[in-house]
Amino acid sequence: QKEVEQDPGPLSVPEGAIVSLNCTYSNSAFQYFMWYRQYSRKGPELLMYTYSSGNKEDGRFTAQVDKSSKYISLFIRDSQPSDSATYLCAMDVGTGNQFYFGTGTSLTVIP
Amino acid sequence: DVKVTQSSRYLVKRTGEKVFLECVQDMDHENMFWYRQDPGLGLRLIYFSYDVKMKEKGDIPEGYSVSREKKERFSLILESASTNQTSMYLCASSPGKTGANVLTFGAGSRLTVL
Chain A
1 QKEVEQDPGP LSVPEGAIVS LNCTYSNSAF QYFMWYRQYS RKGPELLMYT
51 YSSGNKEDGR FTAQVDKSSK YISLFIRDSQ PSDSATYLCA MDVGTGNQFY
101 FGTGTSLTVI P
Chain V
1 DVKVTQSSRY LVKRTGEKVF LECVQDMDHE NMFWYRQDPG LGLRLIYFSY
51 DVKMKEKGDI PEGYSVSREK KERFSLILES ASTNQTSMYL CASSPGKTGA
101 NVLTFGAGSR LTVL
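First to last, the sequence lines map onto chains A and V. In this text, residue positions in the first sequence follow our numbering: the first is 1, and each later residue adds one. In this text, residue positions in the second sequence follow our numbering: the first is 1, and each later residue adds one.
No lab work stands behind these hints: they were computed from the structure. Hints may be right or wrong, so weigh each one.
Stated by the list, open to error - BS3-like cross-link-like pairs, simulated, lysine-lysine; straight-line CA separation at most 30 Å:
1. A:K67 <-> V:K97
2. A:K2 <-> A:K70
3. A:K42 <-> V:K70
4. A:K56 <-> V:K3
Turn these sequences into a full structure, and let the hints guide you.
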């Protein structure tokens, strides 16, 4: 079983839709939960991170962590064509030297 | 506002050539990483370094070496490039002992080996 599982998609939604991206994990020791956005042929850009459990909101983006279910989510409200990218989740136990990644979900927002 | 800089965005090399990929970070981070990213395989760790002159092998170190002579600089070396090393190479850093343990990536270096 992989440490982190992420549905690769692809996911296609109309502009303005609410998007839900998800990852599950198996290691209960994970403390930091990160979401990255990666445009084609570019490096991943950190969108948000959460330490331990709970929610975090930044503009149209909300990150949620449910440690009891070992499940994290990224919600995008009022999705825009510029949100079209691959979204990667990543996790760390807190040492900062061993990160586990999902395989990424490809999102297309149709104008 | 660039924080992790990779010296080359696109490189084309021939089989057997020695290749240097350079990475510099300006955030005073302890840890630096080299990953490669391939379609369907995701991100795979090649090497990481937790201090100057210190390194640890990742999941796929074969055919690669690294050098960290200064805290801000981490180099990836392909001693004799092969076609199966055609890939996107990503450098990243994290704070280490202090600070939020999240990764900051560079823009990537796309290497093609002919």
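Against the structure, the hints come out as follows:
1. A:K67 <-> V:K97: 24 Å, holds
2. A:K2 <-> A:K70: Satisfied, since the Cα-Cα distance of roughly 13 Å is no more than 30 Å.
3. A:K42 <-> V:K70: Within the cut-off at roughly 26 Å; holds.
4. A:K56 <-> V:K3: 24 Å, holds
In this structure, every one of the numbered hints holds.
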